[in-house]
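Novice: Numbering (the UniProt record's numbering), first residue to last: 1 to 221.
Just so you know, the hints here were simulated from the structure itself, not pulled from any lab data. By construction, the Cβ of each residue, glycine as well, lies at the ideal position given by its N, Cα and C atoms. Take the hints with a grain of salt, since some may be wrong.
[What the hints assert, rightly or not] Distance ranges between label pairs, derived from CB positions:
1) Pro122 x Glu11: 22 to 30 Å
2) Glu15 x Pro84: 33 to 41 Å
3) Lys104 x Ala7: 17 to 25 Å
4) Lys58 x Met5: 38 to 46 Å
5) Ser42 x Thr4: 20 to 28 Å
6) Asn89 x Ala61: 35 to 43 Å
[Said to hold, decoys possible] Straight-line Cα separation of at most 30 Å, DSS-like style, residue types lysine-lysine; simulated pairs:
7) Lys92 x Lys124
8) Lys28 x Lys124
9) Lys28 x Lys10
10) Lys104 x Lys8
11) Lys58 x Lys111
12) Lys58 x Lys92
13) Lys124 x Lys111
14) Lys137 x Lys104
15) Lys88 x Lys124
16) Lys8 x Lys58
17) Lys58 x Lys104
18) Lys92 x Lys104
19) Lys58 x Lys10
20) Lys104 x Lys76
21) Lys10 x Lys104
22) Lys124 x Lys76
23) Lys111 x Lys137
24) Lys28 x Lys92
25) Lys10 x Lys111
26) Lys8 x Lys111
27) Lys111 x Lys92
28) Lys28 x Lys111
29) Lys137 x Lys8
30) Lys28 x Lys58
31) Lys88 x Lys137
32) Lys104 x Lys88
33) Lys137 x Lys76
34) Lys124 x Lys58
35) Lys28 x Lys8
36) Lys58 x Lys88
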Amino acid sequence: MKPTMSAKEKEVAEEYSNALDDLNINSKPLINMLTMLADENSAFAPIIVQCIERQLHKVQADSKLPVLYLIDSIIKNIGQPYIPLFVKNIEKIFASTFIQVNEKTRANMFKLRSTWCDVISPSKLHALDIAIHAIDKNWPISAAPPNNIHVNPKFLNNVNNSETPKPISHPTLPIEVDDASLREKFIKKQKELLELQQKKIELELLHTKNQIEMQKKKNIE
């Protein structure tokens, strides 16, 4: 935390840290209480986030999952200003936790991460997946978000009409995860996303080429 905190900041940090010490099992009532406490102190969000990240770092491996569930509850039920603060270090704290826990907890972490697609940006989830994949090769890597690249019309004139963008490689199927149906849904969603991205790129290229052709006709007339 900051070396020079105000009296109120110290009070918030101490109160929240003390409450966190009780979160050593997966207790929904306690997670809800800590979430509400974070909401009430959203003006001190950076301090709350630091308390939670410190707690995740210091607790034993079998007590880390409840802290991750608390992070999940806060970003889903409160949102701003907590999402960017947690997302800033999400791949680091997720990976440092993953490397310390057993297979059952890892499977639960996979399920948890699979629910973040509507909360955390694709680029951050992609970075998280890469970090975990470096630890466990069975962890799938989500598709990287497409870059918004300006296409030079002169370049498009030289593009063959039959040429289509190369599809992004599909994520690897995790072998160790217990929940087969969840794994199958996750891979299916990733496949659908890749197909949509490819169709979008194709339509954008076609639209740009049509505009070029129309402009040529106008110039001729």
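Novice: None of the hints should be skipped; say for each whether it holds.
Specialist: Against the structure, the hints come out as follows:
A hinted range of 22 to 30 Å for the beta carbons of Pro122 and Glu11 is inconsistent with their spacing of about 38 Å. The hint said 33 to 41 Å for the Cβ distance between Glu15 and Pro84, and at roughly 23 Å that hint is violated. Between Lys104 and Ala7 the CB atoms are about 43 Å apart, so this pair departs from the stated range of 17 to 25 Å. For the pair Lys58 and Met5, the supplied restraint of 38 to 46 Å is violated, since their beta-carbon distance comes to about 19 Å.
Taking the beta carbon of each, Ser42 and Thr4 are about 22 Å apart, inside 20 to 28 Å as hinted. For Asn89 and Ala61, the hinted distance range of 35 to 43 Å is not satisfied, since their beta carbons lie about 19 Å from each other. Straight-line distance between C-alpha atoms of Lys92 and Lys124 comes to about 11 Å, which keeps the hinted pair within the 30 Å bound. The straight-line distance between the Cα atoms of Lys28 and Lys124 is roughly 27 Å, inside the 30 Å bound, and the hint therefore holds.
A distance of roughly 27 Å separates the Cα atoms of Lys28 and Lys10; the hinted pair therefore holds under the 30 Å criterion. Proposed proximity of Lys104 and Lys8 is contradicted: the alpha carbons are some 40 Å apart, above 30 Å. A hinted pair counts as satisfied when its Cα atoms are at most 30 Å apart, and Lys58 with Lys111 qualifies at roughly 23 Å. A threshold of 30 Å between alpha carbons decides the hint, and for Lys58 with Lys92 the separation of about 15 Å falls inside it, so the pair holds.
Straight-line distance between C-alpha atoms of Lys124 and Lys111 comes to about 17 Å, which keeps the hinted pair within the 30 Å bound. For the proposed pair Lys137 and Lys104, the alpha carbon gap of about 16 Å is at most 30 Å, so the pair holds. A hinted pair counts as satisfied when its Cα atoms are at most 30 Å apart, and Lys88 with Lys124 qualifies at roughly 9 Å. In summary, the hint linking Lys8 to Lys58 is supported, as the alpha carbons are separated by about 24 Å, within the 30 Å threshold.
Distance hint between Lys58 and Lys104 is fulfilled; the C-alpha atoms sit about 20 Å from each other, no more than 30 Å. Between the alpha carbons of Lys92 and Lys104 the distance comes to roughly 20 Å, so the proposed pair stays at or under 30 Å and holds. Of the pairs offered as hints, the one joining Lys58 and Lys10 holds, with about 20 Å between alpha carbons and a cut-off of 30 Å not exceeded. Between the alpha carbons of Lys104 and Lys76 the distance comes to roughly 24 Å, so the proposed pair stays at or under 30 Å and holds.
For the proposed pair Lys10 and Lys104, the alpha carbon gap of about 37 Å is over 30 Å, so the pair is violated. A distance of roughly 16 Å separates the Cα atoms of Lys124 and Lys76; the hinted pair therefore holds under the 30 Å criterion. Taking the CA atoms of Lys111 and Lys137, the gap is about 17 Å. The hint holds against a cut of 30 Å. Restraint check for Lys28 and Lys92: satisfied, since their Cα atoms lie roughly 25 Å apart, inside the 30 Å limit.
At roughly 35 Å between alpha-carbon atoms, Lys10 and Lys111 are farther apart than 30 Å, so this suggested pair is violated. For the hint linking Lys8 to Lys111, the alpha-carbon distance of about 37 Å lies beyond 30 Å, and the restraint is violated. Our distance criterion of 30 Å between C-alpha atoms is met by Lys111 and Lys92, whose separation comes to about 18 Å. Of the supplied pair hints, the one linking Lys28 and Lys111 holds, its CA atoms being roughly 17 Å apart against a limit of 30 Å.
At most 30 Å may separate the alpha-carbon atoms for a hinted pair to count; Lys137 and Lys8 exceed this at roughly 46 Å. Between Lys28 and Lys58, the direct Cα distance comes to roughly 21 Å. Compliance with the 30 Å bound is thereby established for this hinted pair. In summary, the hint linking Lys88 to Lys137 is supported, as the alpha carbons are separated by about 24 Å, within the 30 Å threshold. Taking the CA atoms of Lys104 and Lys88, the gap is about 26 Å. The hint holds against a cut of 30 Å.
In summary, the hint linking Lys137 to Lys76 is supported, as the alpha carbons are separated by about 28 Å, within the 30 Å threshold. The hinted pair formed by Lys124 and Lys58 meets the criterion: a straight-line CA distance of about 24 Å does not exceed 30 Å. A distance of roughly 28 Å separates the Cα atoms of Lys28 and Lys8; the hinted pair therefore holds under the 30 Å criterion. For the hint linking Lys58 to Lys88, the alpha-carbon distance of about 19 Å falls within 30 Å, and the restraint holds.
Violated hints, in rising order: 1, 2, 3, 4, 6, 10, 21, 25, 26, 29; the structure is consistent with all others.
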